[in-house]
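Asker: Residue numbers (the UniProt record's numbering), protein chains in the order written: chain L, 1 to 391; chain Z, 1 to 345.
Hints should not be assumed to be uniformly reliable.
Claimed, not checked - Derived list of chain L stretches under chain Z, where covered just means 3 residues or more per stretch with a C-beta under 8 Å from a C-beta of chain Z: (1) 20-34; (2) 37-50; (3) 100-108; (4) 112-121; (5) 142-148.
What the hints assert, rightly or not - Partial pick of chain Z residues on the chain L-facing surface, computed with a CB cut under 10 Å: (6) Gly-65; (7) Arg-187; (8) Ile-303; (9) Arg-306; (10) Lys-313; (11) Gly-319.
By construction, these hints were calculated from the structure, which means they are not laboratory data.
Cβ coordinates follow ideal geometry from the N, Cα and C atoms, glycine included.
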Amino acid sequence: MKATCWHGVRDVRVEQVPDPGILNPGDAIVRITSTAICGSDLHLYNGVVPGMMQGDILGHEFMGEIVEIGSSVKRLKVGDRVVVPFPIACGQCFFCEQKLFSVCENSNPNAWLAEKMWGHTTAGIFGYSHLTGGYAGGQAEYARVPFADVGPLVVPRELPDDKVLFLSDVLPTGYMAAEACDIVPGAVVAVWGCGPVGQFAIQSAYLLGAERVIAIDHYPDRLDMARTVSHAETLNFDEVDIVDALRDMTGGRGPDACIDAVGMEAHGAGIGYVYDRVKQAMRLESDRPTALRQALLSCRNAGVVSVPGVYGGFSDKIPFGAVMNRALTIRTGQCHVQRYMQPLLERVVNGELDPACIITHHLDLDEAPQGYAMFKHKQDRCIKVVLRPGH
Amino acid sequence: METSSDTSRRQARPGSWQYPGAAPGVDDDQAAADGGELARLTGPPRAAREARLGIALGWLSIGLGLAGLMAPRFMARAAGMPDWPHVMRVVGMRELVSGVGLLNRPHDQLWRWSRVMGDAMDLGIVGVAAIHPYANRRRLASTALALASVGALDLRAGNPPRITPSHGALTGPQGGQRVQHAVSIHRPAGECYRFWRDLARLPEFMQHLESVTVIDERRSHWCASGPAGRKIEWDADITDDQPGQLLRWRSVPGADVDNAGSVRFIPANGGRATVLQVQMSYHPPAGRAGAAVARLFGEEPLIQVRDDLRRFKQLIETGEIPTTRGQPAGARSLVSTLFGKGADQ
Ligand SMILES: [Zn+2]
Ligand SMILES: [Zn+2]
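Same shape as in the complex, but just chain L (with noise of 0.2 Å):
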């Protein structure tokens, strides 16, 4: 079949590999028909995610039919028509029990890894570094998802592919990020970062009750479509003081809840001397750390900062004063996407949101590398490509 690999910074390639098997009685193989490229996938791109191997073939986001199915599969036939989630679950551990898919203790072949990293092992996750398991992704024809009777959703045949695709990640992500705010009629969230996740983040919030959103963004495009489809007011933080902005336009208290969408692609640092040294030039290359900083500093007392955007190592000059003096309160996680398929789903089906609002590019299998270097440079108001394999 043919597969997106990583080869190195800024180097993937669409290349023929051997098709995937069922490896243990829980798996299924699944014919892929439409496939995204994330964001994070970018920071595998740009080469900052430790634990990649040349060859890896990427992709989280990704649905398809089922063609073969393990022995022990029991709620999935051949047929299925499937979207995954991203965090691969095993359904039957403590934290499984508790709907807290993302940190599954089961589903990482290497946990000591990632134990090594963070202190314990979070769930494996399709595409996304050895420390995730090295699972091979979905950026592929066909893909192997184990425990395949935890994670895969159903959904009917009459939905298209671009309006059920994104459930298996950014859909999901940006709605717990809304929802961890305990949002209550009237709120105001600011929402940094008018990306995928960003702008399903919008909606949600709009969705669970919120009175005014303020988007943060300051590529044009993306805070147009805050402003045009999810209908934030928006700030640009080249042209404002954003913490001033907020100040002024939440008469002096603060947004009720922030969210963090952005993340932090340079991470990892925190050793001894060379650490400043990093934090300097990574400060260099990119501002983008400053959104934690900039949503704490802005989030009005004993508010809620919710961090959806991706952060991976250590960071630093985070203001814990603020935190703390201020009673806030810091949610975050990678999203526990099975709890919130099905909902999500009726949500789409009754036309509450619209998932595929966000697509601004459709492409081959083949042309995976063009739009990754497209979506990195953000060229052609670049906000979501979808792959399909086999078109």
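Since the structure of chain L is already known, use the hints to place chain Z with the ligands on it.
Answerer: Leaving out everything else, chain Z with the ligands in the frame of chain L:
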């Protein structure tokens, strides 16, 4: 207590179990009952120093690696090199991989030698840089000096005086090893006990075991595969069997490897879960058989026990052991396999 011929799985890192007094015994009185002299530990302070050296070098690698990856130009300038960001990134990736490797296996010679080879490569790059028109020769000289001293340290780390835990297990009558580890399992204690009591199933999650044959209520015959196809066998007796609570065993006198241990099944989470506490001690004899046994039991019994227990947990909770072995991947170059990371072209 397991090993595999696959060297990539051989892990070595320090743990409190290596050092006497570092970890309060979970079951000290019982250990004495289990094995008496078996439970006696020799904790070579040298091994501790070796581990610290490995860990220090590991962190050094990670620091340099991150700096090289994230600030290649800054690093190139600091080292007096010409503006070669790609070179610095490659160096950075190599360092990062060495670092992660070392932190996970601070005793592992292979990872230490990866640093020595890296030093040689760096000195080569510095040599090439020295004839480059945009190089800062004064800084290059200090860089070369720093590299030489770190290189000396790496060489020393790559050739430790002698002691590794496996050697420790080989030397003298006090070379016994004791391991203890606990794991939380989201199944009732009775179920965990029954799974474990079915001794014939132990090889499903204990990687080094080939088979366990139950002879009678008390006695069983154990068979493990050692290096180079060498088989190691012994008989063991269950010395204490408290259903749903405790299993205790010890090898029958005359075994290749004198060993004893216990598994406790402690109810947790209102009886819905179990804390499994495993304790083992073993004492390989001297001589050739002893050497084989020591290798069989591996250099880092704690890690092997921990991995076995993780597999037990996965198996009893989910019915399978997660794996990616046999899945497809694109072309992996030798460089990528060596450094675990592709190079910036
Ligand atoms: Zn994603
Ligand atoms: Zn689980």
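Asker: Would you mind marking each hint as holding or not holding in the structure?
Answerer: Against the structure, the hints:
1. Counting residues of the segment 20-34 of chain L whose CB falls under 8 Å from any CB of chain Z gives 6; the rule of at least 3 is met.
2. A count of 3 residues in the segment 37-50 of chain L with a Cβ less than 8 Å from any Cβ of chain Z is obtained; the coverage claim is therefore met, three being the minimum.
3. Taking a C-beta to C-beta cut-off of 8 Å, the segment 100-108 of chain L contributes 4 residues in contact with chain Z, enough for the three needed, and the coverage statement holds.
4. A stretch counts as covered by a chain when three or more of its residues have a beta carbon under 8 Å from one of that chain; for the segment 112-121 of chain L and chain Z the count is 3, and the coverage holds.
5. Counting residues of the segment 142-148 of chain L whose CB lies closer than 8 Å to any CB of chain Z gives 3, which reaches the minimum of 3, so the coverage claim holds.
6. This hint holds: Z:Gly-65 has a C-beta 8 Å from the nearest C-beta of chain L, less than the 10 Å allowed.
7. Annotation: interface hint on Z:Arg-187 holds; nearest CB of chain L at approximately 9 Å, less than 10 Å.
8. The beta carbon of Z:Ile-303 is positioned within 10 Å of a beta carbon in chain L (closest approach about 8 Å), and the interface hint is therefore held.
9. Interface restraint check for Z:Arg-306: the shortest CB-CB distance to chain L comes to about 8 Å, inside 10 Å, so the restraint holds.
10. Look at Z:Lys-313: its Cβ gets to within about 7 Å of chain L, closer than 10 Å, so that hint holds up.
11. Because the smallest distance between the Cβ of Z:Gly-319 and any Cβ of chain L comes to about 6 Å, under 10 Å, the interface hint for this residue holds.
Going down the numbered hints, you'll see the structure goes against none, and every one checks out.
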